[in-house]
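2 protein chains.
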Amino acid sequence: MHKSRHQFSAIKKEGLYDAIYKRRDVREFLPDPVPKDVLARVLNAAHHAGSVGFMQPWNFIIIQDEKIKEGVYQNFLSANQQAAQRFSGDKGDLYNSLKLEGILESPINICVTCDSSRLGPHVLGKDTIPETDVFSTCCAIQNLWLAARVEGLGVGWVSILNVNQLKEGLQIPKHIIPVAYLCMGYPQEFLDRPMLEKTGWAKRIPVEELIFTDLWGNKPERD
Amino acid sequence: MHKSRHQFSAIKKEGLYDAIYKRRDVREFLPDPVPKDVLARVLNAAHHAGSVGFMQPWNFIIIQDEKIKEGVYQNFLSANQQAAQRFSGDKGDLYNSLKLEGILESPINICVTCDSSRLGPHVLGKDTIPETDVFSTCCAIQNLWLAARVEGLGVGWVSILNVNQLKEGLQIPKHIIPVAYLCMGYPQEFLDRPMLEKTGWAKRIPVEELIFTDLWGNKPERD
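Residue numbers (this note's numbering), protein chains in the order written: chain D, 1 to 223; chain A, 1 to 223.
Each hint should be verified, as a subset may be incorrect.
Chain copies aren't distinguished; within one or between two, either way the pair holds.
[Stated by the list, open to error] Under the rule of at most 25 Å between Cα atoms (straight-line distance), these lysine to any residue pairs were calculated in the SDA-like manner: (1) Lys67 <-> Leu191; (2) Lys167 <-> Gly92; (3) Lys22 <-> Asn162; (4) Lys3 <-> Pro107; (5) Lys12 <-> Lys22; (6) Lys36 <-> Thr213; (7) Lys12 <-> Asp192; (8) Lys69 <-> Gly120; (9) Lys219 <-> Gln171; (10) Lys219 <-> Glu28; (11) Lys13 <-> Asp32; (12) Lys3 <-> Phe190.
It should be emphasised that the hints constitute simulated quantities derived from the structure, not laboratory data. Treat the numbers as computed from the prediction; the structure is a model and nothing was measured.
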């Protein structure tokens, strides 16, 4: 049998690649609710990421309570006030003009956490690189993001938050790591390029510049 | 316009969901080479993950040199000897029966790294949670894994490695984090379920058990 007998049909490949290329970090949402069956599909997709030692270290806190969202929003505001001070001049003006979250507008917020204690003290594949549980959780988040995209849902990752305050607000136990705080809902639009690229905040790096051969720094021959 | 106007067609959704559900951590490979255009598509998919502050902190070291692969394999062997000691009795026997890497058999190994210094000392969204650059790199890895799957390629993540030794072997600078060491090639097969589930190493957790409402520990009403 042919080596690539497991490849997908052209249209199904396109489904995956379109999800990857049309996914955006969304910050502007419509108020429309997310149907339960759609949310279930997106969470189940996240849950089917691979994980070190089949540990499945993630949990998903689905936040819809307005008071809790308001607390997270206040957390963002104060963290962002500090973060904004890192940028001055034109960059500072641009920073302040950017909308960096959609906590209150989005119908659903999701905190994705990592429980390093799941499966006990020794997990296959994790002893030498303990952070692999968090890495697995991030793979689950990417699955969630892509599944949301094919469902027509936007997701935005809010990382301008004080983590201890977030844990307190969501009553997350000490040993649990909140890896991502996500806003999810139907978006006003999906931009054709990332917002930070469109606004000139940073440039897309040509992928060839990021590829090495055999050793760090070794450039491949061009072709 | 309808709120979900951005959703994909049924068959394109299926492309994404099939990639997610049929992706496996592959350790048994055919020797067939990976065509350059296929590799390019997979790496470009990785490069189009979102990243904190549009930082694109990743690099991809494509390893095909047999001597370098042999060095990584020796690294695995010694790390695995130590790791195996964590499990005894039946669990130890099972551990020792598992094939946990495909470093030498796979035609391509890929080390995916994270450069925390990219874009300078202050990156939008990263100041409050510095690890977000590594999180972004993991999202890129999941894109790579899913793109490989639709191309009929298997990917296996080897985490049983001494990181310092790996950095030395690949001449990775001190400030660069090797996030994942991946083996890639056409697989002997894609298992219908994860190998660690099939062999009874660990069980799939029902996804409902992982979902909370508003606060940690709050179980949603069932429906």
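Each hint tested on the structure:
no. : hint              : in the structure
1   : Lys67 <-> Leu191  : neither (30 Å within a copy, 45 Å between copies)
2   : Lys167 <-> Gly92  : neither (29 Å within a copy, 37 Å between copies)
3   : Lys22 <-> Asn162  : neither (30 Å within a copy, 37 Å between copies)
4   : Lys3 <-> Pro107   : between (45 Å within a copy, 13 Å between copies)
5   : Lys12 <-> Lys22   : both (15 Å within a copy, 13 Å between copies)
6   : Lys36 <-> Thr213  : between (46 Å within a copy, 13 Å between copies)
7   : Lys12 <-> Asp192  : both (21 Å within a copy, 19 Å between copies)
8   : Lys69 <-> Gly120  : neither (33 Å within a copy, 32 Å between copies)
9   : Lys219 <-> Gln171 : between (48 Å within a copy, 13 Å between copies)
10  : Lys219 <-> Glu28  : neither (40 Å within a copy, 29 Å between copies)
11  : Lys13 <-> Asp32   : between (30 Å within a copy, 21 Å between copies)
12  : Lys3 <-> Phe190   : between (37 Å within a copy, 12 Å between copies)
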